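**Q** Here's the letter readout for the chains.
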Amino acid sequence: MSSPRIAFQGERGAYSEEATRALFGPSVEAVPCPNFRAVFEAVASGRVDGGVVPVENCLAGPVSENVDLLLEFSLPITGELSLRIRHCLLAPAGTAFEGLERVLSHPQALAQCAGFLRQHHLAPVAEGDTAGAARRVAEQKPPRTAAIASRTAADLYGLTVLREGIEDAPDNRTRFVSLSALPALTGTQRKTALALTVENTPGALHAVLGVFARRGLNLIRLETRPLRRPWEYVFCLDLEGTLEEPSVSEALDEASRLCRSFRVLGSYRVAD
Amino acid sequence: MADLPDLETLRIAIERIDAEILDALRRRMDLADDIARTKLAAASPLRDPRREDLVLRKVREAATRHGLDPHEIERIYRLIMDMSVARQQSLIQRQDTTPLRVGYPGIEGSYSHLAARQRYAGRSGGVLLSGFETGREVLDALRRGELDLALLPIENTSAGSVNETYDLLAEGGVSIIGEQLSQVAHRLLGLPGARLEDLRTVLSHPQALAQCADFLRTVPWIRPLPEFDTSGAALKVHERNDPTVAAIASESAAQRFGLQVLVRDIQSASGDFTRFVELAREATPVPPDVPCKTTLTVVLEHRPGTLGQVLTALAQRGVNVAKLESRPIPGEPWRYRFFLDLEGHAASAPLVAALGDLQPLTSSMRVLGTYPVAEQSNE
Chain A
1 MSSPRIAFQG
11 ERGAYSEEAT
21 RALFGPSVEA
31 VPCPNFRAVF
41 EAVASGRVDG
51 GVVPVENCLA
61 GPVSENVDLL
71 LEFSLPITGE
81 LSLRIRHCLL
91 APAGTAFEGL
101 ERVLSHPQAL
111 AQCAGFLRQH
121 HLAPVAEGDT
131 AGAARRVAEQ
141 KPPRTAAIAS
151 RTAADLYGLT
161 VLREGIEDAP
171 DNRTRFVSLS
181 ALPALTGTQR
191 KTALALTVEN
201 TPGALHAVLG
211 VFARRGLNLI
221 RLETRPLRRP
231 WEYVFCLDLE
241 GTLEEPSVSE
251 ALDEASRLCR
261 SFRVLGSYRV
271 AD
Chain B
1 MADLPDLETL
11 RIAIERIDAE
21 ILDALRRRMD
31 LADDIARTKL
41 AAASPLRDPR
51 REDLVLRKVR
61 EAATRHGLDP
71 HEIERIYRLI
81 MDMSVARQQS
91 LIQRQDTTPL
101 RVGYPGIEGS
111 YSHLAARQRY
121 AGRSGGVLLS
131 GFETGREVLD
141 ALRRGELDLA
151 LLPIENTSAG
161 SVNETYDLLA
171 EGGVSIIGEQ
181 LSQVAHRLLG
191 LPGARLEDLR
201 TVLSHPQALA
211 QCADFLRTVP
221 WIRPLPEFDT
231 SGAALKVHER
241 NDPTVAAIAS
251 ESAAQRFGLQ
261 VLVRDIQSAS
271 GDFTRFVELA
281 REATPVPPDV
291 PCKTTLTVVL
301 EHRPGTLGQV
311 LTALAQRGVN
321 VAKLESRPIP
331 GEPWRYRFFL
341 DLEGHAASAP
351 LVAALGDLQP
361 LTSSMRVLGT
371 YPVAEQSNE
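These protein sequences, in sequence, are chains A and B. Counting with this note's numbering, you get residues 1 to 272 for the letters of the first sequence. Counting with this note's numbering, you get residues 1 to 379 for the letters of the second sequence.
FYI, nobody ran anything at the bench for these hints, they're computed from the structure. This structure is a prediction, so every number in the text was calculated from the model and none was measured. Treat the hints with care, since some could be wrong.
Covered by chain A, per the in silico footprint, the following chain B stretches (three or more residues, Cβ under 8 Å) [as the list claims (entries may be wrong)]:
1) 141-152
2) 156-168
3) 225-236
4) 312-318
C-beta atoms are modelled at their ideal positions from N, C-alpha and C, and glycine is treated no differently.
Please model the entire structure based on the sequences and the hints provided.
**A** Right, dumping it as structure tokens:
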């Protein structure tokens, strides 16, 4: 079988490409896309076999755009990986750290290094993605300017790593999910991701969660996203267990009857 | 040899010009007083660094046209502006009632500034508004006592929660004392004469870009780029003076920076609202007959099913959850802090009982504030 074609967002050297290689193996054909929607569209149209997108960072929280795209496109989640993110401060060779004034990167990466930037009085400048910021610094060499990106991006674009691991919290991780194609790397933890809406009455959400609690199912995560109507929400839930387990499938069956809308986004194994 | 005027005549001419300069300065200072009074009444910021940059740039350009050294003229104008602000500040201090000092993120014309103006304009005693680069800077100024109140965006009907505000609330040291709903009307702004088909880039805050995602898909030749605030994006379009660059910002930002509204209806949802929270160092008592909300933040005990138990406890006490939000806890991957907006007063019997039930389920619990529910002005 030929190696799978998997879409990711960003330029070469992006953290998403690292996650794609980790999930689908080194021989994967990783296909760069300009934005998250383009990843979903490429997978939905069949131009690629699958996709990999970040859904949550343990410091910055959910990547809301991808949560919304998961709801909009009905592409099944097939796997998950928690990738350790080590941000590096990159600049062209010969740049002195002391002379720096500005740092380019994706707003999430800048937010994850906010403490470091404040401490060294460096002004954050928003860019579309981390690898793109690295490429700009490498090509245009703007004075007194560095980029925050991965070590892979430094190697790819020939930049010097001035500082490594500049993220505020030592254990910075991002959760990536794979779409449509089954990843090569899997693990032991099983998960089911749901999206549901409930009637706007007191206790409606509690009734749904009560179904899971009574069957001893662990709720790993609960997130709210706005509906287009003011102050109404979609709830995104991650439960421990997969649909193959009777306790899970029975609970979903019961819970779905208490909801206004109910969808299984995926039932999969989490890579170790 | 040329016929030179004598020194005395020259000196008299200079003295006359100096008198004109002083007279002009006098009139400029008087205008500054009027501006201070107008700003207090209209809830505009007293000092706006980016506005000052704009003025200085115009002055430099004018200096060049007059054959003067732009940098020397800039130095003089910086002094004049400092004098002017010092005068405005002393005028405010001489007033009988002290104005309310309110901070918000963004510059003049940003949605936060518009919400602040909507909330405080016309207040007796006036209001002194200050825009800051980030929500963190606003809260630091509030904690240091340089502000009486902070107004921060917390949620938008189409883009969702403002994560930074939740994380700042988790740090503590401030109370939520009110909320404000403000309608958001985004416009696509460009240089006068710019054409939609020639645009290549659109700058705005990521939340505003998200709110206009449907529109942006209809113009795939325009690349969205994130900026730190909407009004700052509009200022950048003005400064770059490039007809291929546009911004998504308010109508007020268009007027502020001399931009043209290229497309009026660019929002995905028609009734798009942003909810702001009003923060103070101390809680303010809410009269018992006013409908109110209580915001709570909890970290749950690390065992299965605690979130379900928390919601069950609230439902059994008849307490309705208006909103539930989770945020990651730094340093503890995949553990969350929850924020609950509960209907009712923190001191009401059902809430007191419910909070008692929650205690054993949580490893930390804090009431962030009880405040009157904002009215939804229009749909």
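**Q** For every hint, state whether the structure bears it out.
**A** Now for the hints, and whether the structure bears them out:
Interface restraint, the region 141-152 of chain B with chain A: violated (0 residues with C-beta to C-beta distance below 8 Å; minimum three). By the rule of at least three residues with a Cβ nearer than 8 Å to a Cβ of chain A, the coverage given for the region 156-168 of chain B holds, with 8 such residues. With 4 residues bearing a CB less than 8 Å from a CB of chain A, the region 225-236 of chain B meets the requirement of three and the coverage assertion stands. Against chain A, the region 312-318 of chain B contributes 4 residues with a C-beta closer than 8 Å to a partner C-beta. That satisfies the three-residue criterion, and the hint holds.
The earlier numbered hint that this structure contradicts is number 1, and it is the only one.
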